[in-house]
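One letter stands for each residue in the lines below.
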Amino acid sequence: MTSAQLEVLLQTLISGLLLGGLYALIGIGMTLIMGVMKIINLAHGELMMVGMYVAYVLFSSFHIDPYLSILIAAPLLFILGVLLQKYLVNPVLKVDAIIPENQVILTVGIGMVLSNIATMIFSSDYKTTPVEYATKAWYLSDYWKASPIELSLSMPWSVSFVFALLITLGLWFFLTKTDMGKSIRATAQDKDAALMMGVNVERMRVFTFGLGSAIVGAAGCLFIPIYYLYPDLGGQFTLIAFVITILGGLGSTIGAIVGGLILGIFESLTSTYIGMGWAPVGRFAIFVAALIFIPGGIVSVLKRRRLSR
Amino acid sequence: MKRLSLAALTLFIFSLFVPYVFAADTFDLVIPLPLTGKQAKFGEMMKKSYEIAAEEINAKGGIKKKKLNLTFEDSGAKPETARAIVEKLIDTKKQPIIVGEYTSACAKAVAAVAEERKTPYLVVASADDDITQKNYKYVFRQNPVNAHYSDGVIDFIQKVVKPKTMAILFESSAFGTSGADAMEKDAARAGIKVLLKEKYEAGSVDFKPLLSKVKAAQPEVIYMVSYVMDASLLMKQIKELRIDAKLFAGGAAGFAIPEFIDNAKDAAEYVITATLWSPQLKYAGAKEYAEKYKKKYGDYPSYHGASAYSALFVTKDAMERAKDWTPDGIRAALKATKLTTAFGPVQFEDKEGYQNQNFTDTLVLQVIKGEHETIWPEKYASKKYLYPIPTWRDRRGTAQAGGIN
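If you read the sequences in order, they're chains A and B. Under my numbering, think of the first position of the first sequence as 914, with each following residue one higher. Under my numbering, think of the first position of the second sequence as 640, with each following residue one higher.
Since the hints were made in silico from the structure, they are not lab data. Hints should not be assumed to be uniformly reliable.
[To be verified] Distance windows between CB atoms, simulated: (1) B/A856 - A/I1030: 41 to 47 Å; (2) A/L989 - B/D938: 26 to 32 Å; (3) A/S1213 - B/K824: 49 to 55 Å; (4) A/D1055 - B/K933: 51 to 57 Å; (5) B/D730 - A/V1021: 56 to 62 Å; (6) B/N774 - A/S1060: 38 to 44 Å; (7) B/K824 - A/S1036: 46 to 52 Å; (8) A/P1043 - B/A698: 35 to 41 Å; (9) B/K832 - A/P1043: 45 to 51 Å.
[To be verified] DSS-like, lysine-lysine: derived pairs with alpha carbons at most 25 Å apart: (10) B/K1008 - A/K1040; (11) A/K1040 - B/K885; (12) A/K1049 - B/K934; (13) B/K852 - A/K1040; (14) B/K717 - A/K1040; (15) A/K1049 - B/K885; (16) A/K1040 - B/K687; (17) B/K934 - A/K1040; (18) B/K1008 - A/K1049; (19) A/K1040 - B/K798; (20) A/K1058 - B/K852.
A virtual CB, placed ideally from N, CA and C, is assigned to each residue, including glycine.
Generate coordinates for the entire structure from the input sequences, incorporating the hints supplied.
Quick look at the structure:
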């Protein structure tokens, strides 16, 4: 392998890892909701879009840095999620409908309404938050003069990645160490048993929907400095979150993290070595492969390992 | 009961006459456009431009004393929606001419419907060569075809840059693909070796894997065919990776509109792009239109807007010359069009395998100090081109000091 080839490979892996970290954060929100509610929230990408608009408004009218706006966007999205769950999803959950999974269809509708409201308020123009550090990057040759290869590490991408990591860690801590988190996990594992143990399942559901929305809203704030924003952007991220949820194993947080990283790295490798036009094909290939070969997702593989040991 | 049905019958008969009564003083034109979705940006710009044109036409007495009444239908850049809208316009509303659409995919769908139903269709800003190569009798195109978009750029590259190698990046749409194919052929003719020809999916987040491959190939020129946000992301990430080509060139669309500079900021500096029109051109009405647009909406329009604006004047001109307002009457008049608009001269010719195609000079713009300046062909130039361009490493201080806003 020549140094040029090595450079391409390493740069690809760096990009894949950074992208994967962000994908994981988008996936976790959906996976959480999936775990507790047993429904796929197809308005997930649209909730992210709402988070991004919050960041955009804060930036353009108050010059608040998109990363800081997580502190505002996440609570706002939490409230939005809670309201959606309480007044839209829950009532539908209770009704016997002709079509099964009618809540899923409801989430599609919620998504449409959200993106159309965004179009009405902000028009369908592309929006960005032109931060000063948008194209700043660290270069290997700046630190190691004799380096045979040149690698660059984008500053906003790295910052977003670190934030994604912190949020994920925080979530993991919350789910494993706190009472509330344990109740959520109990609800996800066995709703009836949790109910008998005195867990307020209804409240957990509402809370989880809020939490899932807050996380994806935060992901939106992390995305806006490196990407851009328009009302119809939700769909592609819903799709990504969906693939990650399936890949990771429905409802598993660890699975979503590993799934996100795998998807990010896989997409980058496909872009470099097969062709960027093939990246969406690769995404579907992974999706189908996960459904056929590991229907339980990555988490089932991890569990099997642990059991056989 | 009998009286009631009689009354209903009378009402019904009257209602048949109603459209004719109203038709006497207005001419309704419904324009299909993408107003939602990824291409909405361009759709809006064109909508505003159509409106400015309609205002001017009506201020001067409309078309043959009939007030031009515009309405817009959103196709969302989806060919099937565009198709349905136009089928409705022709079959139900009997609109004798179709103007509009933006993406090539939609224009293709609309062209097929228009041809099938023998109604003239004026293509305004869709570039895919195919559209006017199918021996369609009723499809007219005002903007130059994709194969010619890059004429100016390739001329500039050959005369100024004289490179040996090139990389072509393009989005996987009809527009992107045909633009890349055209450039590949032009490059082969000019003896430039294409090291890499890669497509990507519009709306991608991360171009760095692709770009690091480009970097390893070390092309002298990087030519990109993209819509707006991809264009700025590409340049930003090129800056991040410090890919030092001798020239970064864009194939119109995304690179040629002000948003490109707003979003890519200093990464946009020195990038050249093909374009079909610029407010700096000296066609009668070009500057007035651009200023009017800027005054109203705060930014200069790109060629999309100018083409839309002029399309209504072409329509007006054809309808005034048409012996009757039937599809065939208007078709015959369109065919004989010879008009100078704000967009440039318009004349529909059959040549080079195209039918009813307008051919105009294409221009080259360069981003100089955060503004698009016309640099090529030199007779149209508003500023002298900047070449060679500095490497990314050397740009650091200068770009910031240069005050790119």
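Hint by hint, here is what the structure shows:
{"no.": "1", "hint": "B/A856 - A/I1030: 41 to 47 Å", "in the structure": "holds (45 Å)"}
{"no.": "2", "hint": "A/L989 - B/D938: 26 to 32 Å", "in the structure": "holds (31 Å)"}
{"no.": "3", "hint": "A/S1213 - B/K824: 49 to 55 Å", "in the structure": "holds (52 Å)"}
{"no.": "4", "hint": "A/D1055 - B/K933: 51 to 57 Å", "in the structure": "violated (42 Å)"}
{"no.": "5", "hint": "B/D730 - A/V1021: 56 to 62 Å", "in the structure": "violated (31 Å)"}
{"no.": "6", "hint": "B/N774 - A/S1060: 38 to 44 Å", "in the structure": "violated (59 Å)"}
{"no.": "7", "hint": "B/K824 - A/S1036: 46 to 52 Å", "in the structure": "violated (39 Å)"}
{"no.": "8", "hint": "A/P1043 - B/A698: 35 to 41 Å", "in the structure": "holds (39 Å)"}
{"no.": "9", "hint": "B/K832 - A/P1043: 45 to 51 Å", "in the structure": "violated (37 Å)"}
{"no.": "10", "hint": "B/K1008 - A/K1040", "in the structure": "holds (22 Å)"}
{"no.": "11", "hint": "A/K1040 - B/K885", "in the structure": "violated (30 Å)"}
{"no.": "12", "hint": "A/K1049 - B/K934", "in the structure": "violated (35 Å)"}
{"no.": "13", "hint": "B/K852 - A/K1040", "in the structure": "violated (29 Å)"}
{"no.": "14", "hint": "B/K717 - A/K1040", "in the structure": "holds (22 Å)"}
{"no.": "15", "hint": "A/K1049 - B/K885", "in the structure": "holds (22 Å)"}
{"no.": "16", "hint": "A/K1040 - B/K687", "in the structure": "holds (19 Å)"}
{"no.": "17", "hint": "B/K934 - A/K1040", "in the structure": "holds (21 Å)"}
{"no.": "18", "hint": "B/K1008 - A/K1049", "in the structure": "holds (20 Å)"}
{"no.": "19", "hint": "A/K1040 - B/K798", "in the structure": "violated (38 Å)"}
{"no.": "20", "hint": "A/K1058 - B/K852", "in the structure": "holds (23 Å)"}
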